[in-house]
Every structure is written in C-alpha cells, then in structure tokens.
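Residues 4 to 271 (our numbering) are what the sequence shown spells out, left to right.
Take these hints with a grain of salt, some might be off.
[What the hints assert, rightly or not] Between beta-carbon pairs, the in silico distance windows are:
#	residue 1	residue 2	range
1	D204	A228	33 to 43 Å
2	D24	D204	34 to 44 Å
3	S28	D204	13 to 23 Å
4	D263	S168	40 to 50 Å
5	D30	A151	18 to 28 Å
6	T207	D262	38 to 48 Å
7	D30	D262	18 to 28 Å
8	T255	V227	14 to 24 Å
Just so you know, the hints here were simulated from the structure itself, not pulled from any lab data.
Heads up, the beta-carbon is just placed ideally off N, CA and C, and yes, glycines get one too.
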Amino acid sequence: ACTQNIFCFPRFVSRSDFFNDVWSSRDGVNWEQLTAHAPWEGRAGLSAAVLNGEIYVLGGSVNDDVVIVGGPPTRKLFNDVWKSADGVNWEQVSVSAPWAARAGAAVVVKDGYLYVLGGEYGFLGTPPPYFNDVWRTRNGSDWELVTASAAWSPRPGHTCDLLDSRIVCFGGYGQSPFPLDVFGRFSPTDVWSSEDGAIWDKETGSPWNAKSKDGIRYDYDSVVAPSGSGATGEAIFTFGGDRETFNFFDPTQWRNVEDDVWRFALEP
C-alpha cells in the first residue's frame with residue numbers, strides 16, 4: 004500500500020517473510036529508507052492513509068500462506084493502529100481498535116475522518132470470511148461504527164477513493180458461491196458511492212470495462228488525479244491488479260497479473 008509523497012509499506016512475500024520497513028520518494032525514482040524496522044510488527048495486507056498530516060498504518064496479517072498450504076505457524080490478524088508525522092518515529096494510538104482484526108481493508112479520508120471499509124479474516128470459507136462494515140475515526144483511537152453492513156457485498160482487496168466529495172468503492176475479491184467451483188472467478192464488478200459511508204448508491208458500469216468475469220482483478224492500486232485528455236474535474240486511476248485464483252493445481256494461474264492503467268469518473 005502507498006500514500007501520497009510517496010510512502011510505501013510492505014505486502015506479502017512468499018515463505019512467510021514480512022516487512023516493517025518504510026521508504027519515501029518525491030518522484031518514484033529516487034528512494035530514501037526512513038527506517039528498516041518500524042515498531043509495528045511486519046505484516047501484509049495492511050492499510051495506510053494520511054490524516055491531518057500524519058501517516059496512519061492499521062490492520063494486516065502475517066503467515067498468510069499457511070491458510071493455503073497448512074501450518075504451523077498460524078495466521079495472525081491485526082487491528083492495531085499506529086501513526087507517524089515523518090515515517091521514522093511512530094506512536095501506537097490503539098492496541099486493539101473496536102473493529103475486528105482484518106487484512107485487505109480499504110481506507111479513505113473524508114471531512115477529517117479516516118474511514119475503514121471491509122476486509123477479510125480468511126481466504127475461503129462458508130460463508131466467505133469477509134467484511135462489509137464501515138468504521139471511522141478522527142484520531143485513530145476513538146472509533147465510530149458507521150454501518151455494520153454496507154449495501155455492497157463483503158469483500159477484501161477492493162479500493163475506496165474520494166471523488167467529487169463522495170466515497171467511491173469498487174472491485175475486490177469474491178469467492179465462488181458454488182461448492183463444486185471453489186476456484187471459479189466471482190470477484191465483484193460493482194461500483195458504489197456514498198456521502199457519509201452509511202447510505203450507498205450503486206453506480207453503473209465497471210472501471211475496467213471488463214467484458215467477462217475473467218478480466219476482473221483485485222489487489223490493484225488507485226489514485227485520484229485530474230482527468231486529463233481534455234476532460235474537466237478529477238478521475239480515479241487504477242494501476243495493475245491480480246486475477247489469480249487460489250487454484251494451486253494450475254501451474255500458470257500465478258501469471259494472471261496486470262500492468263495496465265484505467266481511468267474512471269462518476270457521471271454527473
């Protein structure tokens with residue numbers, strides 16, 4: 004996960020290697036290591052955002068691969084919250100937030116609030132071990148439940164951005180509803196927007212204009228920027244993404260990753 008100006012934080016590396024280093028760049032080319040070991044435990048699937056000039060890091064997990072290939076060790080999920088003004092010095096503002104420990108949650112900042120939306124506490128299961136609750140905070144320690152069940156289906160690996168003063172959520176990972184098709188592609192293609200995180204409107208279309216479910220990806224990144232190409236206003240740009248399934252009997256499925264860029268804007 005990355006934030007503006009540009010702070011990048013770790014994601015999963017195979018063989019249960021997890022990182023808590025922090026790097027910064029002003030141009031994406033030249034990078035400075037701010038710390039090799041932040042005080043928060045190394046993890047994957049964390050969420051990061053900037054609120055009131057400070058970087059917030061929250062959630063995530065370790066030992067993800069044992070869910071698929073077996074363990075020990077067991078998978079551990081986090082719901083701690085940390086903040087830093089510079090990426091070097093960190094303060095733990097919540098040991099255990101009131102929302103359930105999770106990875107793959109989306110975060111967005113609106114009107115002085117940091118929102119946490121969705122996520123997962125497992126990869127596969129019945130029912131799918133995913134969340135669609137929405138929480139918000141002004142300081143990382145005091146949290147308010149906005150809704151226990153948003154209108155969109157529970158999911159991890161999605162993105163939420165602020166566009167035209169609305170929270171826009173889309174994409175993510177979806178599990179097959181059919182027991183005999185565990186490895187099928189059922190990731191969501193819907194797009195939802197909200198002014199307050201509680202009441203949601205379903206938008207039309209998909210930001211990737213996928214013609215089939217095989218083209219939908221999750222765990223992509225996104226940023227809001229001027230639309231460009233003669234258009235006015237701002238748009239959401241998405242970068243890359245993952246179309247892998249958990250079918251490790253398929254020796255080629257790990258190649259289903261993307262390096263394309265798409266632009267998406269709300270209709271007036």
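Which numbered hints are broken by the structure, listed smallest first?
When the structure is compared with the hints, numbers 1, 3, 4, 5, 6, 8 turn out to be violated.
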